[in-house]
Amino acid sequence: MQKFNLIFLQSGKTLISQKQYSDWKEIQDDFQGYIASVGFNSIDEIKEYIQFDYKLTEEKAIKESNKIFKSNTDFVEVEL
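Throughout, my numbering is defined as the position within the sequence shown, counted from one, plus 155.
Hints listed in this document are in silico derivations from the structure and should not be mistaken for laboratory results. Check each hint, because a few of them may be wrong.
Keeping only pairs whose Cα atoms sit at most 20 angstroms apart, straight-line, the calculated PhoX-like set for lysine-lysine is [stated by the list, open to error]: (1) 202 / 180; (2) 218 / 202; (3) 202 / 174; (4) 210 / 158; (5) 158 / 218; (6) 210 / 222; (7) 174 / 225; (8) 158 / 180; (9) 225 / 158; (10) 215 / 225; (11) 174 / 215; (12) 222 / 180; (13) 225 / 210; (14) 215 / 202; (15) 202 / 158; (16) 168 / 225; (17) 168 / 180; (18) 202 / 168; (19) 215 / 168; (20) 225 / 202; (21) 168 / 210; (22) 168 / 222.
Model the full structure from these sequences, guided by the hints.
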């Protein structure tokens with residue numbers, strides 16, 4: 156089980172979730188318009204992934220990946 160999930164929705168939104176899911180089907184049940192998700196063990200892994208895949212600056216990748224720690228919810232939207 157991954158500690159964090161990057162969740163992609165049909166609306167174009169991308170979310171980071173810290174809710175524990177056993178598989179992608181559970182995530183699909185929680186989010187209408189679910190397309191896909193990628194699991195990570197740490198926020199640093201998410202930062203590296205979005206920085207590389209979305210060509211973000213390191214500063215932007217850190218800002219977006221750390222949004223989950225500033226939230227009182229299980230998920231946050233990130234801007235990629």
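A quick look at each hint next to the structure:
1. For the proposed pair residue 202 and residue 180, the alpha carbon gap of about 24 angstroms is over 20 angstroms, so the pair is violated.
2. Proposed proximity of residue 218 and residue 202 is supported: the alpha carbons are some 9 angstroms apart, at most 20 angstroms.
3. Note on residue 202 and residue 174: the hinted pairing holds, with a Cα-Cα distance of about 18 angstroms set against a maximum of 20 angstroms.
4. Note on residue 210 and residue 158: the hinted pairing is violated, with a Cα-Cα distance of about 24 angstroms set against a maximum of 20 angstroms.
5. A distance of roughly 19 angstroms separates the Cα atoms of residue 158 and residue 218; the hinted pair therefore holds under the 20 angstroms criterion.
6. For the hint pairing residue 210 with residue 222, the CA-to-CA distance comes to about 18 angstroms; that is within 20 angstroms, so the pair holds.
7. A C-alpha spacing of about 15 angstroms is found between residue 174 and residue 225, which places the hinted pair at or below 20 angstroms, so the restraint holds.
8. For the hint pairing residue 158 with residue 180, the CA-to-CA distance comes to about 16 angstroms; that is within 20 angstroms, so the pair holds.
9. Distance restraint check for residue 225 and residue 158: the Cα-Cα separation of roughly 16 angstroms lies within the 20 angstroms cut-off, and the hinted pair is therefore satisfied.
10. About 15 angstroms separates the Cα atoms of residue 215 and residue 225, which keeps this hinted pair within 20 angstroms; it holds.
11. Note on residue 174 and residue 215: the hinted pairing is violated, with a Cα-Cα distance of about 23 angstroms set against a maximum of 20 angstroms.
12. With a C-alpha separation of about 25 angstroms, the suggested pairing of residue 222 with residue 180 is violated against the 20 angstroms cut-off.
13. For the given pair, residue 225 sits about 24 angstroms from residue 210 by alpha-carbon distance, which is inconsistent with the 20 angstroms threshold.
14. For the given pair, residue 215 sits about 9 angstroms from residue 202 by alpha-carbon distance, which is consistent with the 20 angstroms threshold.
15. A threshold of 20 angstroms between alpha carbons decides the hint, and for residue 202 with residue 158 the separation of about 14 angstroms falls inside it, so the pair holds.
16. At roughly 19 angstroms between alpha-carbon atoms, residue 168 and residue 225 fall within 20 angstroms of each other, so this suggested pair holds.
17. With a C-alpha separation of about 18 angstroms, the suggested pairing of residue 168 with residue 180 holds against the 20 angstroms cut-off.
18. Under the criterion of a C-alpha separation no larger than 20 angstroms, the hint pairing residue 202 with residue 168 is consistent with the structure, at around 17 angstroms.
19. Distance hint between residue 215 and residue 168 is fulfilled; the C-alpha atoms sit about 17 angstroms from each other, no more than 20 angstroms.
20. For the hint pairing residue 225 with residue 202, the CA-to-CA distance comes to about 15 angstroms; that is within 20 angstroms, so the pair holds.
21. A C-alpha spacing of about 17 angstroms is found between residue 168 and residue 210, which places the hinted pair at or below 20 angstroms, so the restraint holds.
22. About 15 angstroms separates the Cα atoms of residue 168 and residue 222, which keeps this hinted pair within 20 angstroms; it holds.
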